[in-house]
Amino acid sequence: MRSGLLVRLLLALTILTLPAVAHAQEAAVSGTITDSSGGVLPGVAVRAVHEATGNAFETATDERGAYRLAVRVGAFRITAQLQGFNTVTRAVELLVGQTGVLNLQMSPAGVAETVTVTGEAPLIETKTSSLGGNIDPRQVAELPVNGRNFINLALMAPGSRTAPVASTRENSEKPLPDRNNNETREFHFHVDGQQVTSEFGTGGQPRYSQDSIAEFQFISNRFDATQGRSTAVQVNVITKSGTNQLSGLFRGNFRDSLFNSPNRTIGPTGQVEPINNQQYSTAVGGPVLRDKLHFFANYEYEQEPRTSIWRTPYPFFNVSLEGTNNRKIGGGRLDYQLSSRMRAMAKVGRGRLWEPFGLPSATNHPASTNTTKEYNDEILGQFTQVLSNRALNEIKVGKTAFGLYNENLTQWSNHWQRANGITTGSPRITFTGFMITGNQNHPRSLDQAVYSVRDDFTYAFNAKGRHDVRTGGEYLLRDVIAVNRRQNMGLIDARGGPLPSAAQLQAWFPDAFNADTWNLAAISPLVRSYTIGVGNFVVDQGSKRFALWAQDDWQIVNRLTLNLGVRYDVGIGIFANDISFPPFQDAGRPDDWNNVQPRLGFAYRLTNRTVIRGGSGIYYGDAFADAGSAIGNTQITTIRYENDGRPDFAANPTGGRPLPA
47 MRSGLLVRLL LALTILTLPA VAHAQEAAVS GTITDSSGGV LPGVAVRAVH
97 EATGNAFETA TDERGAYRLA VRVGAFRITA QLQGFNTVTR AVELLVGQTG
147 VLNLQMSPAG VAETVTVTGE APLIETKTSS LGGNIDPRQV AELPVNGRNF
197 INLALMAPGS RTAPVASTRE NSEKPLPDRN NNETREFHFH VDGQQVTSEF
247 GTGGQPRYSQ DSIAEFQFIS NRFDATQGRS TAVQVNVITK SGTNQLSGLF
297 RGNFRDSLFN SPNRTIGPTG QVEPINNQQY STAVGGPVLR DKLHFFANYE
347 YEQEPRTSIW RTPYPFFNVS LEGTNNRKIG GGRLDYQLSS RMRAMAKVGR
397 GRLWEPFGLP SATNHPASTN TTKEYNDEIL GQFTQVLSNR ALNEIKVGKT
447 AFGLYNENLT QWSNHWQRAN GITTGSPRIT FTGFMITGNQ NHPRSLDQAV
497 YSVRDDFTYA FNAKGRHDVR TGGEYLLRDV IAVNRRQNMG LIDARGGPLP
547 SAAQLQAWFP DAFNADTWNL AAISPLVRSY TIGVGNFVVD QGSKRFALWA
597 QDDWQIVNRL TLNLGVRYDV GIGIFANDIS FPPFQDAGRP DDWNNVQPRL
647 GFAYRLTNRT VIRGGSGIYY GDAFADAGSA IGNTQITTIR YENDGRPDFA
697 ANPTGGRPLP A
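The numbering of the sequence shown is the working numbering, which starts it at 47 and goes up by one.
Just so you know, the hints here were simulated from the structure itself, not pulled from any lab data.
The calculated DSS-like cross-link candidates involving lysine-lysine, where the alpha carbons are at most 25 angstroms apart (straight line), are:
1) K374 to K445
2) K445 to K590
3) K445 to K419
4) K374 to K419
Modelling step: build the complete structure from the supplied sequences, incorporating the hints.
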């Protein structure tokens, strides 16, 4: 009943704010316009022209001489005009998430017709209590980044540090921004206002070409009520768009052992560690209709040839594998400025990763390796409309998808789940002093699709100061399917005797990558038990998530702004509610409806270069993103078969009887 009411409230909010329609706007500029004596000037026509695209944004000052323009990020020429006064033009640059303050003074009309000021210092953010920083377009474009993963530049933002990803894969997206003691799951990633965070908790995030990124904002603390589902870090990214000038690029980034110095920690003379990585990137953008319609597209390809060599105590197991890791990333967007009051944007993105095998360790048998596939796709549409000089509305509709798939490299056509299409893998066999470490949980897959609708409405008014009020709502339909085949390959405890000789191991396991050739019956005298996982390996973690918020940035006086907000989040149909852990926790728990999050902050401008900020609030994050694997394990039962003395026990532990479903 309550969920139905919430849906109706959210629909009502959306309908009331249409026909307009973001993480709210990319940026904004506001200020007060006065005459030479300091008196406020109402009715001044304010026009901001985006220098790269020619897009124009217009408004007028209110009775207090105040104005506010929600605009794109980038460099602008802002012009103020009023009959009887000289026209004033200023050049400013606005970054994502920034509300710049630009106060103007106009003089009576005289000889000078226009006053233009250039070479302005960047506007300082004086109206928010958030802690963080911006990585501007020049930094993204020109700073060298190893691997060209732009998110590493977040280390330059105040309050940022890294949380290394526990992974042996070279292509893992590391380091991730972090704040809460390596809780990388408390990390929310937005691109053009759309949440694209991978919620698997595996440490990886969707990858974007650095040549497609315009700039981004990193917030490590005290983000306002328009942002949620995280208690730590928010990253807001803006991708590039086309401009009035047709332009393109082709870039190559190469890393090779020839350019590396020896690692002096390896031996007295050191050793050059092998690497051979190539990245090729291209991008093109320009006008379709000058000042109106622009396009941008990009594509990146990365490859890294790799050789893996196993170094077990048994030379016949020490095979070498050669292959090439590769990544493909592409996307495009269209921006259409219908008028000075209406703007639309549409974009698509796609990424693919392929790793033919993993990295070995000193003790692993080659059967431990597996292939890895990852994908991410996204589509987004946005419509923004200025309803009046005081009101603006934005709506975003989109879908993101992210997934990975792991499969054992070793073939096993006689696997007991071959009827379900599983023909790869091998059991994990533990001898006294040696293991044949087949991955017991593969093949494994994780697929996340999130459909989203978000509406942001902004309204400005005066009441004992300037109020910029933002209200909105968001609906996320989250469809997550996890396949975790825990111990479905089987665990064989073969520690019932001494370690077989090298000749015996070679005879029993002649081909590391074909378990059909393994003579499992021969090890039966050594086997104590055989454990197999059975049950439902597929976990559907679909859920619905709603959010409502209201945020008031109240400028009491020119120097002091209060940030007052409240946010409400609720998840409906959360899968974990149906999991039981008797006697501590019963299944069928109700949804959590009390996630009200008040937030309070202030920003006090001490000087034009110094701002004091502070605040407090309540923040709720999503449940642990990788809880799906643990939840999935609750649907799986392990069956342990003790050795009954049959000579073929290790090859046929059930004695021909089918395993329970």
